[in-house]
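Asker: Read off the chains here:
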Amino acid sequence: MPTDPRPETVAFLDHYNPVKGPRSHVTTAQWVTLRPVVLEGIGPLSHLAKHSLRPFLQSLTRLALFAHEHGYELSAHVLLSPTLIEAYLTTVRDEAKDPAPYLWRLSDSWGLGGAGGAHTGRVRPDYQGPYSQDEMAALVLAAHNQSSPHRTATLLAIIFLGAGCGITREAAREVTARDLHQHDDVWFVRTPKYCARVREEFRPLFYEVTELRPSGLLRGEAAHGNVTVAAARWLHQRRGVPALSVDRLRATYVCALLGEPVSVVDVLAWSGLRGAESLDGYLAHVSRRSSICGAPSKGAK
Amino acid sequence: MIVTSQELRALEREAETLVDEAQAYVRVEELLALRDRRKGRPRDLSVKALFVALQLLSFSGTYFLRDVPKVLNGISPEARRRLGLVRKNGRPVTLRQVNYLMNRIDQVLRQEFHTVGLSDEARYAEFDAVFSAISTVGAHPGATGSLSISIDGSDIPTWANDRNVHRQVINEETGEVRWAIVRRNTDTDAGWRGAKNPQNKPALFGYEVTAAVSVRDVGGPDVPRATVAARFRPVNADGRTTALACIKEVAHKRGRLGDVLVDREYTQSKHGKDFLGPVRELGGEPVFDLKENQVGVSGTILGAVIIDGQPFSPSIPKALRTIAPPRGKGSSTYKPSPQELAAYQARIKARSIYALVPHGQRLPNGNLVFQCPGAAGKLLCPLQAPFGAQRVGLLPAATPPKTVAPGTVCASRYRTFDAAELPLCQRNLYGSKEWFDSYGRRGSSVEPHFGGLKSDAAAGLHHGKVRVSGLIKTGLMVAFALATTNRRLALAFDARRPADVPAKRRRGRPYTHNLTRHTLGEADRDKVLYVARN
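First to last, the protein sequences are chains A and B.
Sequential numbering of the first sequence, starting at 0, is according to our numbering.
Sequential numbering of the second sequence, starting at 165, is according to our numbering.
For reference, chain A alone in the conformation it holds in the complex:
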């Protein structure tokens, strides 16, 4: 949808210089090199108001700096290619503003394979919908591809405690590697109120986490704020990776238990649910067995 550029935006772009910023990340010499490609890349969005353009410019300048440092050709097509953006996003840490939505929108505006409207707006997630197997695999893969071992360990711990043990956010806070124990050949994780059974397929993940973080809290500690919020931000807007939700991880665990031949009492005990009515939300996602049908059996009243 090409639109004519706004004159005030064009004037703003002509004088834009990130070196003058209070916390500049480029030097004057670097800006001289990067300026042409930044202005070229931002071109399709020059119909926006100048205050709307700032986060795009900041994200694009940082991406251009990254590409320059890695020896790439400084052209908009190379810079805004999805592979380069994806690679850049894996290295981004502690940014005030997540550059992902801005870069994807720029990539889309250049017609370079962005996902179009998929990045705009927010869809209210279904908190009780379990992750599919592909989604779980994508989450684990994304956890392994983080910019630091700390992030990898934290994400793997959250996935293990959520999908492997069904532990809630509060209960998971205090879990350490020493809380894993056995009752009659079955592995459990101790929480303040109950023992959560560990799904067998998640035990390798536990060993991986304990190798990365042998002591202290299994999920680690966030410098500021909540661990899970920080972890969700690390995976935010990653292509092919679903948003990280502890509720959905727990739903994955509960639905997996409901699909196994275990009693409801065990499911309630292992998942820490208070009553069977709490299972209602999860039952919608559990495939019912064909042998259970609505028709009353013969002789039933």
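Think about it this way: if two alpha-carbon atoms lie no more than 20 Å apart in a straight line, the pair counts; the simulated EDC-like pairs of lysine to aspartate or glutamate are: (1) Lys-482/B x Glu-72/A; (2) Lys-482/B x Glu-68/A; (3) Lys-513/B x Glu-68/A; (4) Lys-513/B x Glu-72/A; (5) Lys-566/B x Glu-72/A; (6) Lys-597/B x Glu-68/A.
Computed beta-carbon distance windows for the label pairs: (7) Leu-655/B x Asp-184/A: 54 to 60 Å; (8) Asp-386/B x Val-263/A: 54 to 60 Å; (9) Asn-361/B x Asp-13/A: 56 to 62 Å; (10) Gly-524/B x Thr-90/A: 25 to 31 Å; (11) Leu-693/B x Gly-20/A: 22 to 28 Å; (12) Thr-90/A x Tyr-498/B: 31 to 37 Å; (13) Glu-169/A x Val-533/B: 49 to 55 Å; (14) Tyr-498/B x Ser-23/A: 30 to 36 Å; (15) Thr-90/A x Glu-598/B: 14 to 20 Å; (16) Val-533/B x Asp-184/A: 43 to 49 Å.
Bear in mind the hints are in silico, worked out from the structure with no lab data behind them.
Idealized CB from N, CA, C, for every residue including glycine.
On the provided structure of chain A, position chain B as indicated by the hints.
Answerer: For chain B alone, coordinates are given in the frame of chain A:
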């Protein structure tokens, strides 16, 4: 400070233990016995007694022969008995005896020095055995806890001199006596290093001691510093040959070698046949810095671009091919700026994804197998798919070749390189943080070891302390000084606070002497700066 007689006796016993441990006196006595054909009184002063006295003198940082009689006449009666210094006539040990024995030792150890047609190793064999045996004693037992060594040389100026002087000379034909300018050299063993030398070192007339010092292995526990092999040569001798002799001795003693850390003086050649090749043949893994002419692109082999001695994918962008390392040279500081160093390491890290990945260890014939970085899953290359599952967020190859030439690294996942093709290839990429961590072990091992050798706090062997001439006599003094350094470093290692014990918290006001000031010269005035404390 030694004050009591018990302490003096303990020191005597310690010096005797070191001499016994080295067993060098046994070999010297054998050589003396073989050469001794002189009739006359039997020699009263034994080599062991002389060596114990020299070791005791070295403990106190003195190396004057005239002090040897004082030491031997002043030691305890028990020690005198043990050393066979009890004479029937009750006469003390004299300087004449000491000088005589030193001269005799000098004669027997230099028998092959001037034999034509022998290699350096063969000519100095007897002296090397004695020198290395003495200089490696006194080490902490933990010094053998690692396989890695660090090699370097240190200047030892001779007490003698070599200069032009005015002398009266006689014309043999006419008998005429006249004044002439002649060259007077009082130590013909010593070598000259002129002011214009490739290493840009100061001019020196004297010797060089080359030592192999123990270094912790990468990721291993700290080990005490100690000399594990040493050689003493004129300063103009080839340092690489001397260093190789040390490495060979360490390999022979330990059975195998780990990392061999050396500075750029030993690895100047691009072909590596003079030093790096022989070290690898001995089983060592050289870790070394590169000279300016070795940095950057040096050609292509099998399609791979050779940068800083390592093979890289041909898809590497030109902007990353030559990255000049920061140097302190040319600036007013010894080390480069930490900011420049961090920027350099970041660029090296950005380039590292294009480096061919070593596949396994070196082959027995020294060849190296490398994997394409695309196949290894380090970057996205259209010519080589990753072998395993593709990671999310891989960087695309910047300039991949459009066509695949047969026989190149792009045509196959793995490619074998001949050892001679990659002489400057190291385990860690040159300039990377891992390389700096590995090479940094050199600065904390052999350099402070030589510091201890010449510091008054340890062996105190500096110019003016040794007042003998010749390679043998000076070398013996240096060997005892190295043994003293080993002993001091071993004592210091034991006195360290263990790593698992927290530092004792100091109470009260911080102790500061207020004498440190950071200034910056501005407009002919020193402006006082306030530097950040952390």
